[in-house]
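Chain P is already provided as a structure; the job is to place chain X on it using the hints.
2 protein chains.
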Amino acid sequence: MKLRRGYLVSAAYAWILFLAPVFMGVGSVAFAYDELVEKKVFEIPFYMTVGGCTVKTVRTGYETYGKLNQDGDNAILITPFFGGTSHAAGKYKSDDRFPGYWDGIIGAGRPLDTNRFFVISIDGLANPNIMDGITVTTGPASTDPDTGKRYGMTFPLITIRDLVNIEKTLIDYLGVKKIHTVMGASMGGMQAFEWAAAYPDRVERIIPVVGTAQTDAFAIGTLESWMAPIMLDPHWKGGDYYGKEAPIDGIKVSMKAVLMQTRHPDWADKMFDRKWATGDKDPAKSIGNLYAVQKFLDDASSDLAAKYDANHIIYQVRAIQLFSVGGKDSLAEGLKEIKAKVLLMPAKNDLLFPLAQSSELRDLLIKQGNQVDFFELDGPLGHLNGIIGISQASDRITRFLSN
Amino acid sequence: MKLRRGYLVSAAYAWILFLAPVFMGVGSVAFAYDELVEKKVFEIPFYMTVGGCTVKTVRTGYETYGKLNQDGDNAILITPFFGGTSHAAGKYKSDDRFPGYWDGIIGAGRPLDTNRFFVISIDGLANPNIMDGITVTTGPASTDPDTGKRYGMTFPLITIRDLVNIEKTLIDYLGVKKIHTVMGASMGGMQAFEWAAAYPDRVERIIPVVGTAQTDAFAIGTLESWMAPIMLDPHWKGGDYYGKEAPIDGIKVSMKAVLMQTRHPDWADKMFDRKWATGDKDPAKSIGNLYAVQKFLDDASSDLAAKYDANHIIYQVRAIQLFSVGGKDSLAEGLKEIKAKVLLMPAKNDLLFPLAQSSELRDLLIKQGNQVDFFELDGPLGHLNGIIGISQASDRITRFLSN
Numbered sequence: 001m002k003l004r005r006g007y008l009v010s011a012a013y014a015w016i017l018f019l020a021p022v023f024m025g026v027g028s029v030a031f032a033y034d035e036l037v038e039k040k041v042f043e044i045p046f047y048m049t050v051g052g053c054t055v056k057t058v059r060t061g062y063e064t065y066g067k068l069n070q071d072g073d074n075a076i077l078i079t080p081f082f083g084g085t086s087h088a089a090g091k092y093k094s095d096d097r098f099p100g101y102w103d104g105i106i107g108a109g110r111p112l113d114t115n116r117f118f119v120i121s122i123d124g125l126a127n128p129n130i131m132d133g134i135t136v137t138t139g140p141a142s143t144d145p146d147t148g149k150r151y152g153m154t155f156p157l158i159t160i161r162d163l164v165n166i167e168k169t170l171i172d173y174l175g176v177k178k179i180h181t182v183m184g185a186s187m188g189g190m191q192a193f194e195w196a197a198a199y200p201d202r203v204e205r206i207i208p209v210v211g212t213a214q215t216d217a218f219a220i221g222t223l224e225s226w227m228a229p230i231m232l233d234p235h236w237k238g239g240d241y242y243g244k245e246a247p248i249d250g251i252k253v254s255m256k257a258v259l260m261q262t263r264h265p266d267w268a269d270k271m272f273d274r275k276w277a278t279g280d281k282d283p284a285k286s287i288g289n290l291y292a293v294q295k296f297l298d299d300a301s302s303d304l305a306a307k308y309d310a311n312h313i314i315y316q317v318r319a320i321q322l323f324s325v326g327g328k329d330s331l332a333e334g335l336k337e338i339k340a341k342v343l344l345m346p347a348k349n350d351l352l353f354p355l356a357q358s359s360e361l362r363d364l365l366i367k368q369g370n371q372v373d374f375f376e377l378d379g380p381l382g383h384l385n386g387i388i389g390i391s392q393a394s395d396r397i398t399r400f401l402s403n
Numbered sequence: 001m002k003l004r005r006g007y008l009v010s011a012a013y014a015w016i017l018f019l020a021p022v023f024m025g026v027g028s029v030a031f032a033y034d035e036l037v038e039k040k041v042f043e044i045p046f047y048m049t050v051g052g053c054t055v056k057t058v059r060t061g062y063e064t065y066g067k068l069n070q071d072g073d074n075a076i077l078i079t080p081f082f083g084g085t086s087h088a089a090g091k092y093k094s095d096d097r098f099p100g101y102w103d104g105i106i107g108a109g110r111p112l113d114t115n116r117f118f119v120i121s122i123d124g125l126a127n128p129n130i131m132d133g134i135t136v137t138t139g140p141a142s143t144d145p146d147t148g149k150r151y152g153m154t155f156p157l158i159t160i161r162d163l164v165n166i167e168k169t170l171i172d173y174l175g176v177k178k179i180h181t182v183m184g185a186s187m188g189g190m191q192a193f194e195w196a197a198a199y200p201d202r203v204e205r206i207i208p209v210v211g212t213a214q215t216d217a218f219a220i221g222t223l224e225s226w227m228a229p230i231m232l233d234p235h236w237k238g239g240d241y242y243g244k245e246a247p248i249d250g251i252k253v254s255m256k257a258v259l260m261q262t263r264h265p266d267w268a269d270k271m272f273d274r275k276w277a278t279g280d281k282d283p284a285k286s287i288g289n290l291y292a293v294q295k296f297l298d299d300a301s302s303d304l305a306a307k308y309d310a311n312h313i314i315y316q317v318r319a320i321q322l323f324s325v326g327g328k329d330s331l332a333e334g335l336k337e338i339k340a341k342v343l344l345m346p347a348k349n350d351l352l353f354p355l356a357q358s359s360e361l362r363d364l365l366i367k368q369g370n371q372v373d374f375f376e377l378d379g380p381l382g383h384l385n386g387i388i389g390i391s392q393a394s395d396r397i398t399r400f401l402s403n
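Those protein sequences? They're chains P and X, same order as listed.
The working numbering puts the first residue of the first sequence at 1, with every later residue one more than the last.
The working numbering puts the first residue of the second sequence at 1, with every later residue one more than the last.
Because the hints were derived from the structure by calculation, they are not lab data.
Each hint should be verified, as a subset may be incorrect.
One copy or two, either will do: identical chains are not told apart, so a pair holds if it fits within one copy or between any two.
Claimed, not checked - Derived EDC-like pairs (lysine to aspartate or glutamate); straight-line CA-CA distance at most 20 Å:
1. K281 - D329
2. K237 - D144
3. K270 - E360
4. K281 - D298
5. K93 - D298
6. K168 - D303
Isolated chain P (complex conformation) (with noise of 0.2 Å):
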């Protein structure tokens, strides 16, 4: 097996799409949006978090795709995943390698039809790409006009509740009046939530893919491992690395926890079996000669590092351990929020996020009244399933936005 380290580089999602076309018999993706597209940037002076701190001058890039009807209720917002972009619908530049991740549903006569919808796609807060070149976000990498200096680990915390909020901010700006959907994957999903129990008069249907409605016990131990190798990182600092070595190191080992933790073994056996990294370097002869298993974890994971922000990791990492559905403690009470309709979209072998949490939202939203469509992402790839295989739902999107 060989991997393309030039291949994996060229792409803003590579950590994503990497390997899915062209490996996984999922053929080639196709472009669906035809425009190309622009990044936008969103600026607010101050925002003041849950928490009760003040962040001044907030900024955030966001995408769109088609325009916004008369009335102001044609919208979709998408809402950005752990490590992911606004980047989810076609390419910067027609020579662009990849499109959005979700290019395949998004686009003229596609489920997010754009000559009907007005999808909206945002970078959010602490989104750990700063250093792709496109992305703009605000973090602890960010600087802090007080000091001039950059935030680090002084930036406040932040929950799902406050990149909702960032989003209502650029939702009302662009003057969208009711939200038609919120969909999202993974901690997009609990944007997706956590909009519709916020704001439920504004929020007509929602599309949590890969979600939840709340860390339970057991994803707040595993997502353990995608922080604290970084802490372990020397050139970590307490989170005071700017302007000097970042830990590189330390994002590589805790992005290896995120590949494997976000796939399934179907994927990796089908993928790697047990072959040699390189043909003549018996992994038994020395601990540097490394399985095909690992090679992809250390090339994908270093490309990873050099996009991404360890603070702005550990900040995302930590709103996804906090979330619970609507601030509240009880999964039913905040559940109870929610007035939309509801399109669950779990991955059948998800190890992040098993299936059995979404058919127990599944039940309780259906029990307090709630109108609810489910539908199980099929696939060997796991809880990426939700950004990889999302084109088999797409006759499920379609009739679920038109109900």
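For chain X alone, kept in the frame of chain P given last:
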């Protein structure tokens, strides 16, 4: 939820037994093997690894329960799991807090009946527990007689077959002619398979508990998180930390991954839910404020790091990554060597070696003519059910051992 640190440290197998009797509703662990147990030491002047390297003066601790019969055919060998030791039954001193990890099935009148069987349990090669004050092992932390210095990473890589070969030398020394049964959990289950493939005429039965006969790509990748954090710790220094500060923080981060990946959401959610570690320290207020499950990971990983040698962890992890039964590339080829009767004992909700792997092994073994029995361990602990939940299989083990 109060986690008492003293309670954790007191037991040699604290990370395994930890919380089980007190909180899991398993009830108090009965003290089944009534004799006091003594750690014995076996030493051989040299050993040549499967990879062709010679190691001088190999020592391993072992324990025995019961007596070898005149025909030398009543021995049950218990092979060690990753992170475990030879202490499978009984107590060293009558006031030990806990007995050995499988005490529930070992002793007079228990399935591994010490009136009938001669049970042998071994510390084995590169056992991580070098600082527990009782474990005896040889590995990278040992002193190379040729240089008078610790081996560190110059110690040759070891395989599951090497563990088995040292065990065979002990078995021969003890006068065992036929091994009635080899039984082990996890990495111990791998050794059971390897025994049956390597020495088919010496082994009548094997009981691989939460084991597998071949480490798949997903497990190889997952195990990166058990090793990479150690190498990230600046104190690791390429394995040359003896006499200096040990990479304790790296071991801690590695063990956090181990502690989660060998368990299951059912356990975490029941034990911790979304409780905070400390009543007034809201995790939303500071990154240092923890959830209870994070505090558990901190405490349990600290206790393990105080006992474990970093290089020994790395060596056993690589041995697990390298494992394919019989040293064959093909699983089916390796299994063909096995003549023993097999009792497969997977855990239903094992996230490390999923149930489906054992079902596949059962089918392959039956197809090639082996006598195969199958018992699914239940319980909320995932992989760890193989240690904590073993007593539920008592009747099945008793029946299998009499067949």
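Hint by hint, here is what the structure shows:
For the identical chains of this complex, K281 and D329 are inter-copy neighbours only, at 15 Å across copies versus 52 Å inside a copy, given an alpha-carbon limit of 20 Å. Taking the shortest Cα distances, K237 and D144 sit within 20 Å of each other inside one copy (19 Å), while across copies they are farther apart (37 Å). Taking the shortest Cα distances, K270 and E360 sit within 20 Å of each other only across copies (16 Å), while inside one copy they are farther apart (31 Å). In the homo-oligomer, the alpha carbons of K281 and D298 lie at most 20 Å apart inside one protomer (16 Å), although the nearest pairing across protomers, at 37 Å, exceeds that limit.
Taking the shortest alpha-carbon separations for K93 and D298, neither the intra-copy value of 29 Å nor the inter-copy value of 47 Å comes in at or below 20 Å. Within a single copy, K168 and D303 get their C-alpha atoms no closer than 32 Å, and across copies no closer than 46 Å, so neither meets the 20 Å cut-off.
Of the numbered hints given earlier, the model fails hints 5 and 6; all others are met.
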